[in-house]
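Here the protein sequences line up with chains A and B, keeping their order. Under my numbering, the residue at position 20 of the first sequence is numbered 20, and the numbers go up by one with no gaps. Under my numbering, the residue at position 101 of the second sequence is numbered 218, and the numbers go up by one with no gaps.
Calculated from the structure, these hints are not laboratory results. Do not take every clue at face value.
Here are the computed lysine-lysine pairs in the DSBU-like style, where the Cα-Cα straight-line distance is at most 35 Å [said to hold, decoys possible]:
no. : chain 1 : residue 1 : chain 2 : residue 2
1   : A       : K69       : B       : K158
2   : A       : K58       : B       : K139
3   : B       : K170      : A       : K96
4   : A       : K77       : B       : K126
5   : A       : K58       : A       : K104
Which residues of chain A face chain B? A partial, calculated answer using Cβ under 8 Å [claimed, not checked]:
no. : residue
6   : K22
7   : F34
8   : L82
9   : W102
10  : G108
11  : G110
12  : V114
Note that beta-carbon positions come from the ideal geometry of N, C-alpha and C, so glycine has one too.
Now for the letters of each chain:
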Amino acid sequence: AQSVAQPEDQVNVAEGNPLTVKCTYSVSGNPYLFWYVQYPNRGLQFLLKYITGDNLVKGSYGFEAEFNKSQTSFHLKKPSALVSDSALYFCAVREKMTTDSWGKLQFGAGTQVVVTP
Amino acid sequence: DTEVTQTPKHLVMGMTNKKSLKCEQHMGHRAMYWYKQKAKKPPELMFVYSYEKLSINESVPSRFSPECPNSSLLNLHLHALQPEDSALYLCASSQTRLDEQYFGPGTRLTVT
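From just these sequences and the hints, can you work out the full model?
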């Protein structure tokens, strides 16, 4: 069975410092990984995905993520955080599609990012 | 345009009311989803429509009834809800089930 873990409930970072949000996964076969961000009272916004190819994936709003197969991780990064990056971040893995499985997204518990001025 | 719209933004209903949530996308996506989200928690999948056919029902109580009138529209009909059904209801769509999902802003539902 697929699973994804976000080990930190909250990450605090000062504006201008690097931001990292951690995600580890457990899947059978090749993983399909996603990051979403949710601002207060809003829906989720797609940031980036890893399907195959380059281990460094670039996404929206200056975010990138590094896929590490040996560590089964897909950490989200931003070189210089902004106060406006304060939000709830979700990592997700798509379940393996078979004749019996549709390929649903399984979300991590979420990590609250707080960027202070 | 990667926009999914949802109406209404907020809804307060009593336990005996009947109401509907609406979702619309014009991106030509063929998969559409309903999720329920409690505060500070990840979304929980409720229903999936693929090519206008119901593909997944995650054992959702029958007081929630989805409908997909056409490839751009998705409704969620609500009847005899319970206070614990109060949540943010999110609609999403994707090109196919292989692709990333795009979410609407949600409907904040309060059941009194």
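Hints, verified against the model:
1. A:K69 with B:K158: Distance ~27 Å between K69 of chain A and K158 of chain B Cα, so the pair holds.
2. A:K58 with B:K139: holds, 33 Å
3. B:K170 with A:K96: holds, 21 Å
4. A:K77 with B:K126: holds, 32 Å
5. A:K58 with A:K104: Holds - the C-alpha atoms of K104 of chain A and K58 of chain A are around 23 Å apart, at most 35 Å.
6. K22: violated, 16 Å
7. F34: Check passed: Cβ of F34 of chain A comes within 6 Å of chain B, closer than 8 Å.
8. L82: violated, 22 Å
9. W102: holds, 6 Å
10. G108: This interface hint holds because 7 Å falls under the 8 Å limit.
11. G110: holds, 6 Å
12. V114: violated, 13 Å
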